[in-house]
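2 protein chains.
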Amino acid sequence: MGVSTPTGLQLRSLARANGQVELSLVSVPVPDPLPDEVLVRIEASPINPSDQGLLFAAADLSTATYSGTADRPVVTAAIPRERMGVVAGRLDQSMPVGNEGAGVVVAAGASNEARALLGKTVAVIGGGMYSQYRSIKVEQCLVLPEGTTAAEGAACFVNPLTALGMVETMRREGHSALVHTAAASNLGQMLNRICLADGVGLVNIVRSQAQENTLRALGALHVCNSTSSAFTQELTAAIIATGATLAFDAIGGGPLAGHILTCMEVAASRNATVYSRYGSTTHKQVYVYGRLDLRPIELAGGYGMAWGVGGWLLWPFLQKVGTAAAQALRDRVVAELKTTFASHYAKSVSLAEALQPDAIEAYGRRATGEKYLITPQKGVAE
Amino acid sequence: MGVSTPTGLQLRSLARANGQVELSLVSVPVPDPLPDEVLVRIEASPINPSDQGLLFAAADLSTATYSGTADRPVVTAAIPRERMGVVAGRLDQSMPVGNEGAGVVVAAGASNEARALLGKTVAVIGGGMYSQYRSIKVEQCLVLPEGTTAAEGAACFVNPLTALGMVETMRREGHSALVHTAAASNLGQMLNRICLADGVGLVNIVRSQAQENTLRALGALHVCNSTSSAFTQELTAAIIATGATLAFDAIGGGPLAGHILTCMEVAASRNATVYSRYGSTTHKQVYVYGRLDLRPIELAGGYGMAWGVGGWLLWPFLQKVGTAAAQALRDRVVAELKTTFASHYAKSVSLAEALQPDAIEAYGRRATGEKYLITPQKGVAE
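Order-wise, the sequence lines are chains X and V.
Quick note: the first sequence, position 331, residue 331 per the numbering used here, numbers continuous.
Quick note: the second sequence, position 316, residue 316 per the numbering used here, numbers continuous.
Bound-form chain X, shown alone:
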């Protein structure tokens, strides 16, 4: 008998044509890095809202059933029939999950660039990070500064670059201030810190008094609680105060996007001296970057003709701005990793723990303050 190939655990999501999604752990061979690749022992990987779409395949988590063993749990849940179209392209394919993470380079391909990373702690982006080992191209690694742990660097791509991308989009498209929904989120707190540091007006929309308190404690100047009876007036006043004509919306369902446009239009036309039935000429834009609310977006009108609503996604944005601009954003993330871009987690869990009922019920809510970190080496003997 030969020497057994080393293996590592990997979390998989499998949406079946019968309408069930199945989450499980599989044992996969530890890959050999190609010349331009390194092998990273993943130490930490966040469960971002943007990971959960792939993870849960639009399933209704209230239907989840749990089986398997403590070491090899299996979660099954039903995908509502009306959402099957969303997952049509992935049916019956077992998909690895996890956009980003961080860990230690334990093997390298033949190239000098790859070998230079040996032993370094790196942040990595590229999918499949809910794994114990991941082979990945050198260019998808970011070397973390001395004294930075993998847990501290695990989330240094998605949320930090998204928050910076919002401000950069604002500047490039000629706006001067921002509205942000679900603003007390991990990402929202980063955006608040960026805007305070850069002197950019930011209107934070939250859904509870507790979230409002969180942001105010962080120095946020404009916080509007959508459950307040005076929400419309407060939002309009904050938009007037900041001059915001651009919003980034993580909710992406229901009337909120249209409501923001209406308040922007009231702000834009409040000093109009001549009536125009086409509304103000000020362009008002909402970019939807998340779908916390799966209902349709409802645009009731009443904001004239100079408006837009559209999807916004980090990767095409980074491609559009080009390598140099994208690198400048990454440099800022590394420089401010323990301040502006610090992430906080409710809990660290192993791959197996991530598939337990208590964990899924907590992070599956995608609620502010319930962010989980997967630490795939937890409980593994060195």
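Everything labelled a hint here was simulated from the structure, so no lab data went into it.
Watch out, some of these pointers could steer you wrong.
[Stated by the list, open to error] Below, computed lysine to any residue pairings styled on SDA-like, alpha-carbon distance capped at 25 Å:
#, chain 1, residue 1, chain 2, residue 2
1, V, Lys378, V, Ser348
2, V, Lys120, V, Val334
3, X, Lys320, V, Lys320
4, X, Lys320, V, Arg277
5, V, Lys137, X, Lys320
Given chain X, work out where chain V should sit, using these hints.
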């Protein structure tokens, strides 16, 4: 007693804070043109859908009551409470109506440019054209070629430039084919002729078999009837055949805009070999340029992240493309006024006839084939 000042009739729309709109004719002094203006005796002015928003002030026409005399009719109708916000900026102001028209220059200001137009038949743009006389800047006039009547030139701005603007927007924003809704309209027929002449793929969405027949008789290659049970498949097939990733939507309410995006996404991702939960990278755009349906726009999702929906309006478009490009579009309109850009009217009516129940019931439906032309000199002694 001195000589009486000459007067002319003008149609007015007055939305009152009490929720009533009142349409009537008033007698106004014939204005003296300023140096850079001419006085036009308006011979013809179309009732475009874009005029009816200002005319009816979002009133519910089923509540219309008719009073006054045959010569000076008065129409009153109720504005639904939920639409009062749309007209808040014009309450208690008596507004002239009518974006465009054509007529004869009967007096001119002192400038050479103005005097050069004396006696010419001109098309004019600028509002208030449901009048017997209109003083207007020379630059808002377009001299009609010899042998062109005012009726033939009355609608040479709004619909022709909008149709040309759609194709120009398509080219400037990197799309190569178009989808158009309410496609059997006067404007839609122009767009069909432009696209056939220019070799641009056009998917015409209509709402009846009769409209489908109309467009097919005009040579339209792709016509999809939204009342067909196979509409989704037919629309997707037409989008695949043309490669359309841009739509212009006159409906602007309900699920249609989102439905078009979904079909575009199916077309864009049909050959995908790797699943992306963010959908295709093809940008899919719907511009809403009308609101034939006053319900909210409903965007159900399922078309990834590369999408946009927004308002589109002719005047900002013309400003954005600049003087030379706008002039090129106008030149084409004049050159093809009796072919590509010919308008057809169900009826010509005087100002007083335009406020009679039968007329309002007909053109107020904004239905394809029910376009009216106002001829303000009708019945007036020379």
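Checked hints:
{"no.": "1", "hint": "Lys378/V x Ser348/V", "verdict": "holds, 9 Å"}
{"no.": "2", "hint": "Lys120/V x Val334/V", "verdict": "holds, 15 Å"}
{"no.": "3", "hint": "Lys320/X x Lys320/V", "verdict": "holds, 22 Å"}
{"no.": "4", "hint": "Lys320/X x Arg277/V", "verdict": "holds, 20 Å"}
{"no.": "5", "hint": "Lys137/V x Lys320/X", "verdict": "violated, 44 Å"}
Hint 5 alone, counting from the list given before, is not met by this structure.
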